[in-house]
Amino acid sequence: MALVLVPEAPLDDWLGGLDAQIQRSPAYFAGKPVVADLSALAAVPELVAGLLEALAARGIRLSGIEGIEPAVTGLDLPPLLSGGRTIAEGIAAADPAPPEPAGLLLDQPVRSGQSVVFTGGDVTVVGSVGSGAEIVAGGSIHIYGTLRGRAVAGMGGNAAARIFCRRLEAELLAIDGLYRTADDIEPALRGKPAQAYLAGEQMVVAGFE
Amino acid sequence: MAKVVVVTSGKGGVGKTTSTAALGAALAQAGRMVVVIDFDVGLRNLDLVMGAERRVVYDLINVIQGDARLSQALIRDKRVETLHLLPASQTRDKDALTQEGVGKVIAELREKFDYIICDSPAGIERGATHAMYHADTAVVVTNPEVSSVRDSDRIIGLLDSKTAKAEKGERIDKHLLLTRYHPGRAARGEMLKVEDVLEILSIPLLGIIPESEEVLRASNIGTPVTLSSPDSAPGRAYFDAAKRLQGETLAMMVPEEKRGLMSKLFGRRVA
Ligand SMILES: Nc1ncnc2c1ncn2[C@@H]1O[C@H](COP(=O)(O)OP(=O)(O)OP(=O)(O)O)[C@@H](O)[C@H]1O
Ligand SMILES: [Mg+2]
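Protein chains in written order, with the working numbering: chain A, 1 to 209; chain B, 1 to 271.
Bear in mind the hints are in silico, worked out from the structure with no lab data behind them. Even for Gly, the Cβ is constructed at its ideal location relative to N, Cα and C. Be aware that one or more of the hints could be misleading.
Beta-carbon label-pair distances, calculated as ranges [to be verified]: (1) A:Gln202 / B:Ala2: 58 to 64 Å; (2) B:Ser71 / A:Val44: 34 to 40 Å; (3) B:Gln90 / A:Asp13: 51 to 57 Å; (4) B:Gln65 / A:Ala20: 49 to 55 Å; (5) A:Leu178 / B:Glu108: 54 to 60 Å.
For the chain B half of the interface with chain A, some residues (derived, Cβ under 7 Å), not all of them [to be verified]: (6) Arg150; (7) Lys168; (8) Ser202.
Construct all of the structure, not just a fragment, from the sequences and the given hints.
Given below as structure tokens:
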């Protein structure tokens, strides 16, 4: 079970409360996946970076972020949280290898040029992923729309991860380091509902009959 | 309440300036107080399309830098009383445009105008982000071809992240204006179809403007097409788009190829 933190402004007061909690039970956060619901901070994105630092200083590593427009986090997220990558406009999360990974749900299209990186588990998009957009997930990727951009699943060694989409027009599919570009995807599957998974060292891309 | 509208696209040459002028003139003819602002510093065009190039004395940057008052820089249209232009500078450095400065000018314009329409430069750099930052509504101008559609998708992502509204966690209204639509070429599969573009961008459609000689003629005589030929196909399409921008619901007309007499007589076998 993931713990959900709901930070609010003013941040100092909120952190004070958190410190009191840690004092009472020092092992409270140990080994548990922690998700921050940032909806109360959505209006003040400049607080987000400071918050992440303050949490890290207390030994709390986030496995996910929710309640904020992917775009709002913008450039302000410390890049180390996305596994050493800098993300232009996306959500990022740390990878503390949580026992039960939290999922990331996006209920709007992912636009060209946006990169969503979530190493803590599955990513679900209710909408399309545009040409030139990218989803990177530690787990599987579920797209209830057209996948035109890139989907990179099983990042960090999860060979069982899969990619599902309602309409396949992908530029690139990758699972645990194995990838296929548009040219290697069977033309008959284009525009169809499809999934991709690994069978040994092979990627299988198949439709749903 | 004043509405700030950005006309944007990512890709260049798709019809932003043409659409800014045509929509601005249509709204002004409907009695709204309208100002169109050129954000294309160094490559200004809107003054030409509006036929006001010889009347430009002060520009947006003069106002931002305090060298002129807003009332001195605003040019009132000679044909429609309620239509105004705030020109861009052709000579100043682009860096003179600051977020804060633009914000002050827009705030002042909000007091006087119903519609403040910002003509964005192409690209996704600062000029474009300045033009969109204060917008309440965006008109995303797109041609029915893949590169234009992808650039529009990119711009929509920026509208949802790099605007004042997005930063407050609010959503900016986005509308698709499909321009330079050529029914014959769409039918022959040489251009994307309307439904394909809508499926990819998934934002509501404000209008479909056909490719037309009238638009070129209008810009050559420095008159928005909604003034020079209001009854032409592009003129009517822009009037409808302006009505939808004001919240009216109108049936969408997809422009169709007019068949000549020969093809009417002989069907598809001719040619
Ligand atoms: N519907 C149309 N039919 C025919 N020509 C058109 C149409 N719309 C625009 N054009 C022409 O296309 C050219 C580019 O239009 P316009 O200057 O409005 O584009 P823009 O997006 O503002 O370009 P830029 O990115 O350079 O600012 C102009 O020559 C214009 O007359
Ligand atoms: Mg222009």
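Hint by hint, here is what the structure shows:
no. : hint                            : in the structure
1   : A:Gln202 / B:Ala2: 58 to 64 Å   : 60 Å, holds
2   : B:Ser71 / A:Val44: 34 to 40 Å   : 36 Å, holds
3   : B:Gln90 / A:Asp13: 51 to 57 Å   : 52 Å, holds
4   : B:Gln65 / A:Ala20: 49 to 55 Å   : 52 Å, holds
5   : A:Leu178 / B:Glu108: 54 to 60 Å : 58 Å, holds
6   : Arg150                          : 5 Å, holds
7   : Lys168                          : 5 Å, holds
8   : Ser202                          : 6 Å, holds
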